[in-house]
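Asks: The lines below spell out each chain.
Protein chains: 2
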Amino acid sequence: MAGPIKVVHWGLGAMGGGMVRLVQRRVGLISHGAVDTDPAKTGRDLGEAVCFERRLGVSVEGEARQALTGGDICLIATSSFVEEVFSQIVAALAAGLDVICLAEEMACPWADHSGLADEIDRRAKQSGCTVLGTGINPGFVLDTLIIALTGVCGRVRQIRAARINDLSPFGPTVMRTQGVGTSPEEFRRGLEDGIIVGHVGFPQSMHLIARALGWKIDRVEQDREPIISKTHRETGFIKVEPGMVAGCRHLARAFVGDQEVISLEHPQQILPEIEGVQTGDYIWINGDPDINLSIRPEIPGGKGTISIAVNMIPLVLEARPGLLTMADLPVPRALIGELAPEAVQ
Amino acid sequence: MAGPIKVVHWGLGAMGGGMVRLVQRRVGLISHGAVDTDPAKTGRDLGEAVCFERRLGVSVEGEARQALTGGDICLIATSSFVEEVFSQIVAALAAGLDVICLAEEMACPWADHSGLADEIDRRAKQSGCTVLGTGINPGFVLDTLIIALTGVCGRVRQIRAARINDLSPFGPTVMRTQGVGTSPEEFRRGLEDGIIVGHVGFPQSMHLIARALGWKIDRVEQDREPIISKTHRETGFIKVEPGMVAGCRHLARAFVGDQEVISLEHPQQILPEIEGVQTGDYIWINGDPDINLSIRPEIPGGKGTISIAVNMIPLVLEARPGLLTMADLPVPRALIGELAPEAVQ
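As you go down the protein sequences, you meet chains A and B in turn. According to our numbering, the stretch in the first sequence is residues 1 to 345, in order. According to our numbering, the stretch in the second sequence is residues 1 to 345, in order.
So that you can see chain A by itself, here it is in the shape it has in the complex:
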């Protein structure tokens, strides 16, 4: 490919904006176009729209067509759900762009949307383009990293993993969707109403692991429980008194027949360390050999998602056409730009 890789940014929220900033720091990448439906952003310069320290000479479009024209790859960071990003992916493919999508469900869209997944795959192949769903989780911690670790196992009986993080940096939207600050009764109702959702992505991580290992998952069970605080906890956004909900312990279990083969846990709460809970990413493989991995503290979600999406760009551009997963591509790596000797200092 002659010249820098031309990146189109679709969605300029926290993740999309972060990717715009990272692309500017990378040799070999250039922001070519941008799409967002927020009227506060459309029509403005991309740099201004994401509070970057300079104008980028790219206008934020409300419609995708013009932004996509002439681009090489489209980074979609607009929604968590396959049904909502489907038309965006289709539009990018129709314009001849490869796609990296941060929608959690796109990490393995066959898990819950096999029809749409097959349709994306068909259209990608038709246009000779590649589509990848990725992110820190799903996309890395509770799936790709687990898969890689099984590579040193002669046998795998069962996989358990947990991602224990601190929600303190997050604002009102996340507090609401995780039920932070509710009473146990409000939490229960929030779950029923679909306002409290916990983590999006467990079935996707599980199906990604299972596809790689050759397991056929028969069912996935999920539970969302309130984490009741024993202490006073307070962030810039919310106060939690003893007896109130500090977060959501979301668990998922995957079964082959009656055998539980994968169990994933993602308790998300504010200030877990107040009650002695150390944040981290933890993986236990019951196999031959057993493996017991810890990453402390956990890989931060925002930075990790932004980084892996941008880092995968060259691997996606070189990949075969079709809808792929992280398990189909070479191991991720920090790539291109800023890693030259002068930048190491």
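Source of the hints: derived by calculation from the structure; they are not laboratory data. Just so you know, these numbers come straight off a predicted model, no measurement behind them. Quick reminder that beta carbons are idealized off the backbone N, C-alpha and C, glycines included. Be a bit skeptical, because a hint or two may be false.
[What the hints assert, rightly or not] Below are the DSSO-like pairs computed for lysine-lysine, each with C-alpha atoms no more than 27 angstroms apart in a straight line:
1) LYS303(B) <-> LYS216(A)
2) LYS303(A) <-> LYS216(A)
3) LYS303(B) <-> LYS6(B)
4) LYS216(A) <-> LYS6(A)
5) LYS239(A) <-> LYS303(A)
6) LYS303(A) <-> LYS239(B)
7) LYS6(B) <-> LYS216(A)
8) LYS6(B) <-> LYS125(B)
9) LYS125(B) <-> LYS230(B)
10) LYS6(A) <-> LYS216(B)
11) LYS125(A) <-> LYS216(A)
[As the list claims (entries may be wrong)] Chain A is nowhere near these chain B residues, computed Cβ spacing over 12 angstroms in every case:
12) THR37
13) ALA40
14) HIS232
15) ILE274
16) GLY302
Based on the hints, put chain B in the right spot on chain A.
Replies: What follows is chain B alone, placed relative to chain A:
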């Protein structure tokens, strides 16, 4: 590919024999041929030669040609060094087989043998075959796993990692090459004489990381120091008194210009826990974000090497022709056979 994958085993030592046993447990793989120069093994049935619980109907050959004929992939576990496996790889390629080689230097043969590496690459492409060097280390812990973790980083300044293991299970050969049971003076002389070697593979791991990240390493410095025991330590093979050498602390540092970018440490000793040293694999990435990973205890070297080599077979068969590294292939994974539901129990 119709029918099972036909595997040829070249080298039937501890690693080679372990791979024979693992291949028998895998659906989709069959031992097709075997080569070893040990007169105690040639002419015998492969199962008997590696103390497997049954005959395998495959004769161990002293010459490669007959064993290779009709095979799909050759697992070479004969030596640590590129110069010693070169002719074996060439023979397997000439017979039209893909190759997975456990020689530590083959994990990234360009590190110290770029001429031979290029020649292997040329011959592999010529015959439409793939060659991969792998193993637990080099091949996974201190390179592939590190590369994968950088994938969630927006910036990588420096990488440090350590693999702290226990040599107690090993016999006289390893005791000698690691200097266990020597006096500090004997250790120094053993290093000079080349009898004590420490770990083989640091330059390979470092170049593998650097190639993936786009760093150009200017030099690698290595140090081998005696681990002097403060206590009495004793295994079935050796006794170490206080003041004697319990093992070899092998360190390597890679520089870009004057900047140290990678530092790897592999202290190998008997019974480290006697002096409070916990075995494990440790990775620290100084970047954005920082990453702090532990695997405790360490991934066992023998099982890990045997498993990853066999697990990579399908990925190597599907890969493009040429000499590849672990960074070129999809993430490793425990694959095929024994992972069906009935085997999970």
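Asks: Which numbered hints does this structure break?
Replies: 2, 4, 6, 9 and 16
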